[in-house]
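Peer 1: Protein chains in written order, with UniProt numbering: chain A, 1 to 315; chain B, 1 to 90.
No lab work stands behind these hints: they were computed from the structure. Heads up, some of the hints might be wrong.
[Claimed, not checked] Heads up, simulated EDC-like pairs for lysine to aspartate or glutamate below, C-alpha to C-alpha not over 16 angstroms straight-line:
#  : chain 1 : residue 1 : chain 2 : residue 2
1  : B       : K19       : A       : E206
2  : A       : K271      : B       : E63
3  : A       : K271      : B       : E4
4  : B       : K24       : B       : E4
5  : A       : K88       : A       : D137
6  : B       : K24       : B       : D77
7  : B       : K43       : A       : D215
8  : A       : K271      : A       : E55
9  : B       : K24       : B       : D79
10 : A       : K88       : A       : E55
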Amino acid sequence: MRFDSLIDSVGRTPLVGLPRLSPSGDVRIWAKLEDRNPTGSIKDRPALWMIEQAEKDGLLTPGCTILEPTSGNTGISLAMSARLKGYKLICVMPENTSEERRQLLRMWGAEIISSPAAGGSNEAVRVAKELSAEHPDWVMLYQYGNPANWRSHYESTGPEILEDLPSVTHFVAGLGTTGTLMGVGRFLRERVPGVQIVAAEPRYGELVYGLRNVDEGFVPELYDPDVLTTRFSVGSADALRRTRELLATEGIFAGISTGCALHAALGVAAKAVKAGTRADIVFVVADGGWKYLSTGAYEGTLDEAEDRLEGQLWA
Amino acid sequence: MAIEVRIPTILRTYTDGAKAVEGKGGTLEELIGDLEARHPGIKDRLVDGAGLRRFVNVYLNDEDVRFLGGLETPVADGDTVTVLPAVAGG
Numbered sequence: 001m002r003f004d005s006l007i008d009s010v011g012r013t014p015l016v017g018l019p020r021l022s023p024s025g026d027v028r029i030w031a032k033l034e035d036r037n038p039t040g041s042i043k044d045r046p047a048l049w050m051i052e053q054a055e056k057d058g059l060l061t062p063g064c065t066i067l068e069p070t071s072g073n074t075g076i077s078l079a080m081s082a083r084l085k086g087y088k089l090i091c092v093m094p095e096n097t098s099e100e101r102r103q104l105l106r107m108w109g110a111e112i113i114s115s116p117a118a119g120g121s122n123e124a125v126r127v128a129k130e131l132s133a134e135h136p137d138w139v140m141l142y143q144y145g146n147p148a149n150w151r152s153h154y155e156s157t158g159p160e161i162l163e164d165l166p167s168v169t170h171f172v173a174g175l176g177t178t179g180t181l182m183g184v185g186r187f188l189r190e191r192v193p194g195v196q197i198v199a200a201e202p203r204y205g206e207l208v209y210g211l212r213n214v215d216e217g218f219v220p221e222l223y224d225p226d227v228l229t230t231r232f233s234v235g236s237a238d239a240l241r242r243t244r245e246l247l248a249t250e251g252i253f254a255g256i257s258t259g260c261a262l263h264a265a266l267g268v269a270a271k272a273v274k275a276g277t278r279a280d281i282v283f284v285v286a287d288g289g290w291k292y293l294s295t296g297a298y299e300g301t302l303d304e305a306e307d308r309l310e311g312q313l314w315a
Numbered sequence: 001m002a003i004e005v006r007i008p009t010i011l012r013t014y015t016d017g018a019k020a021v022e023g024k025g026g027t028l029e030e031l032i033g034d035l036e037a038r039h040p041g042i043k044d045r046l047v048d049g050a051g052l053r054r055f056v057n058v059y060l061n062d063e064d065v066r067f068l069g070g071l072e073t074p075v076a077d078g079d080t081v082t083v084l085p086a087v088a089g090g
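Go ahead and model the full structure; you've got the sequences and the hints to work with.
Peer 2: The structure is reproduced here in structure tokens:
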């Protein structure tokens, strides 16, 4: 495959079968390897779409400063595109995210403003909104509410899956901004009767939920529950266990949020086996494991790894 | 046997600091009513006139009850109900 530039190579990622983790020939699980994008995560798609939409709308012109609340991957994707396109990038990131993410962001030239660990990405969103109000000349792309986020998946991820696997029956992905699930979900629902769209939501340690009260919660503006069939909450112990299982049985070295999605995918598969129905379940490998090595997720016992992850934003 | 209800940090003022409490009922609504009887004030933090509060997520055995039947979702002894505030990802 040949491309004019790195940015042009975003997407068209492999869909690989998991012959060992699939329960049977009738109930198969497939991994969409989004770590094969230029900066190593699925976020290259929404980042590129959001930037190009802002350029079309005349919001972004060369030399502009982009501001974005991000727990990491979106920031890294934006940093790469911003560098190539001549924008400055400021990321607001919770302080409880991995060191690798910070190094990667700095490497591509982004500036990082830390938000408090307690409250997780909610706090990053709040701080970014304040900064945006103070600096009207900065362009906040705002992945949680920018339709170009879900459109990137409607126009690229979804069509790729359907082309590679017309018999798809289930799509499972992690729930963060909700962009992946909204975009792929809408695309598949329009074309595959009865397709099930399943969200796997990371359940973190208690620190992350340390809000002052329940009225300070956050639901991304992009979220439309009607697109989903159901939504599972997956704790860090299950996410870690599945991340290691994927590595041990199928050789795929993925980040921890992938374990979260795989856990839900295996649950869906078990249900299909029990019901005696055919299933082709696609789940998203959102990124590789490289950025999480320092968290100790892949070493020692599961209990030790879970303890080390306590209070970390791992998705 | 009863239903185990996991309480998030911000609502533990109603449960004397307990991370998990037990309750009973045939539906989520009955379960919340049962909790209210022993932990007065908690119901108002979970539901309003329209059902579950916007920023409150409730999971029955890890599945979001909004996709199961909302407050009418059947619950039974041995189930685990987890309450969490909605937070951002990404």
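Peer 1: State for each hint whether it applies.
Peer 2: Comparing the hints with the structure gives:
1. B/K19 with A/E206: 10 angstroms, holds
2. A/K271 with B/E63: 14 angstroms, holds
3. A/K271 with B/E4: Cα-Cα ~24 angstroms, so violated.
4. B/K24 with B/E4: 9 angstroms, holds
5. A/K88 with A/D137: Holds, because 12 angstroms separates the two Cα atoms, which is no more than 16 angstroms.
6. B/K24 with B/D77: Holds: B/K24 and B/D77 sit about 7 angstroms apart, inside 16 angstroms.
7. B/K43 with A/D215: OK: B/K43 and A/D215 at ~14 angstroms, within 16 angstroms.
8. A/K271 with A/E55: This hinted pair is violated, its Cα atoms lying about 45 angstroms apart.
9. B/K24 with B/D79: 10 angstroms, holds
10. A/K88 with A/E55: With Cα atoms ~14 angstroms apart, A/K88 and A/E55 stay inside 16 angstroms; holds.
Of the hints listed earlier, those the structure fails to meet are numbers 3 and 8, in rising order.
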